[in-house]
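Participant: Sequence:
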Amino acid sequence: MRIVFTILSVFIASCTALGAHEFWISPERYEVAKGESIAAQFRVGQNFKGAAYSFIPRHSERLELRNGPQITPLSPRIGDRPAINAPAEVEGLIVALHETTDSTVSYDSWEKFQTFIDHKDFGDIKTPHLARGLPEAGFTESYRRHVKSLIGVGSAEGEDSFGGMKIELVARTNPYTDDLTNGMTVQLYYLDEPLADTQIELFELAPKEGAEAVITHYRTNADGLASFPVKPGHEYLVDAVVLEPLPNDDAAAGPVWHSTWASLTFRAPG
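The opening residue of the sequence shown carries number 10 in the numbering used here; numbering runs sequentially from there.
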């Protein structure tokens with residue numbers, strides 16, 4: 010029990026401290042043969058670098074592998090790391106999908122919150138914040154993560170599809186079978202509809218020791234679509250965030266803002 014408590018305590022502390030950090034699924038291999046294992050870590054960090062975290066059931070709302078219409082729910086044991094470890098029983102494009110439960114982060118200064126706002130390009134948040142009678146310091150935001158990863162098994166044929174999460178990035182290109190000459194296209198959904206004019210943050214990591222992520226920004230078009238170039242052998246993290254006010258205007262009573270995060274990882278073959 011002491012070991013479990015320690016794992017849980019560290020995970021909770023990290024989630025609270027790293028609210029503004031990215032969270033993603035990090036496969037040990039993006040392409041595997043049928044009969045091998047699909048293994049992937051949960052990672053939290055910045056600039057596509059982060060520590061791996063164990064699976065904690067209370068922090069997981071949904072975890073599954075998707076292959077077209079076939080959905081396989083996963084039930085790792087508490088403390089499992091990698092959090093995803095399942096046999097690759099069928100060939101095709103496998104989509105690992107995970108939704109967390111809510112966590113919170115507290116802000117002891119407006120500057121800290123403004124840094125987050127600027128980073129994610131939310132626009133003017135201070136005006137409506139103050140109009141609600143909220144303080145510039147001493148308030149809380151809740152957040153939830155909705156993450157996916159594309160894994161090719163065998164032929165890797167197939168396509169990603171909308172999985173029904175509140176916010177979700179859907180790959181409209183299969184990086185393992187489609188022609189990537191014109192790049193990769195993703196579509197951002199929010200509340201079951203394509204979300205237009207929203208920042209897409211792209212992290213690109215070259216396949217070499219000590220490589221630093223290259224970060225670029227795009228915006229979704231009227232159909233929620235965004236396209237970007239990719240390079241052979243490079244790993245990608247696609248990230249999007251929506252910030253929304255909560256009905257609570259009493260900072261002492263609980264969170265006053267809520268952010269919903271989407272991420273998608275894949276590696277271009279080569």
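Hint data in this document are derived by calculation from the structure and do not stem from the laboratory.
Backbone N, C-alpha and C define an ideal beta-carbon position, used for all residues, glycine too.
Hints are not guaranteed to be accurate.
What the hints assert, rightly or not - In silico SDA-like pairs for lysine to any residue, Cα to Cα no more than 25 Å straight-line:
{"id": "1", "residue 1": "Lys-43", "residue 2": "Arg-75"}
{"id": "2", "residue 1": "Lys-129", "residue 2": "Arg-228"}
{"id": "3", "residue 1": "Lys-121", "residue 2": "Thr-149"}
{"id": "4", "residue 1": "Lys-175", "residue 2": "Gln-196"}
{"id": "5", "residue 1": "Lys-129", "residue 2": "Leu-214"}
{"id": "6", "residue 1": "Lys-175", "residue 2": "Ile-80"}
{"id": "7", "residue 1": "Lys-58", "residue 2": "Lys-217"}
{"id": "8", "residue 1": "Lys-175", "residue 2": "Ser-115"}
{"id": "9", "residue 1": "Lys-135", "residue 2": "Asp-206"}
{"id": "10", "residue 1": "Lys-121", "residue 2": "Ala-215"}
{"id": "11", "residue 1": "Lys-129", "residue 2": "Gly-192"}
{"id": "12", "residue 1": "Lys-121", "residue 2": "Ile-224"}
{"id": "13", "residue 1": "Lys-58", "residue 2": "Lys-135"}
{"id": "14", "residue 1": "Lys-43", "residue 2": "His-68"}
{"id": "15", "residue 1": "Lys-58", "residue 2": "Asp-232"}
To be verified - Quick list of the computed label-pair ranges, beta carbon to beta carbon:
{"id": "16", "residue 1": "Gly-142", "residue 2": "Glu-37", "range": "32 to 40 Å"}
{"id": "17", "residue 1": "Asp-201", "residue 2": "Lys-58", "range": "15 to 23 Å"}
{"id": "18", "residue 1": "Thr-136", "residue 2": "Asn-191", "range": "18 to 26 Å"}
{"id": "19", "residue 1": "Ser-84", "residue 2": "Ala-42", "range": "44 to 52 Å"}
Participant: Each of the hints needs a verdict: does it hold here or not?
Facilitator: Checked hints:
no. : hint                          : result
1   : Lys-43 / Arg-75               : holds (15 Å)
2   : Lys-129 / Arg-228             : holds (11 Å)
3   : Lys-121 / Thr-149             : holds (12 Å)
4   : Lys-175 / Gln-196             : holds (14 Å)
5   : Lys-129 / Leu-214             : holds (20 Å)
6   : Lys-175 / Ile-80              : holds (18 Å)
7   : Lys-58 / Lys-217              : holds (14 Å)
8   : Lys-175 / Ser-115             : holds (23 Å)
9   : Lys-135 / Asp-206             : holds (20 Å)
10  : Lys-121 / Ala-215             : violated (31 Å)
11  : Lys-129 / Gly-192             : holds (23 Å)
12  : Lys-121 / Ile-224             : holds (21 Å)
13  : Lys-58 / Lys-135              : violated (30 Å)
14  : Lys-43 / His-68               : violated (30 Å)
15  : Lys-58 / Asp-232              : violated (31 Å)
16  : Gly-142 / Glu-37: 32 to 40 Å  : violated (49 Å)
17  : Asp-201 / Lys-58: 15 to 23 Å  : violated (33 Å)
18  : Thr-136 / Asn-191: 18 to 26 Å : violated (40 Å)
19  : Ser-84 / Ala-42: 44 to 52 Å   : violated (25 Å)
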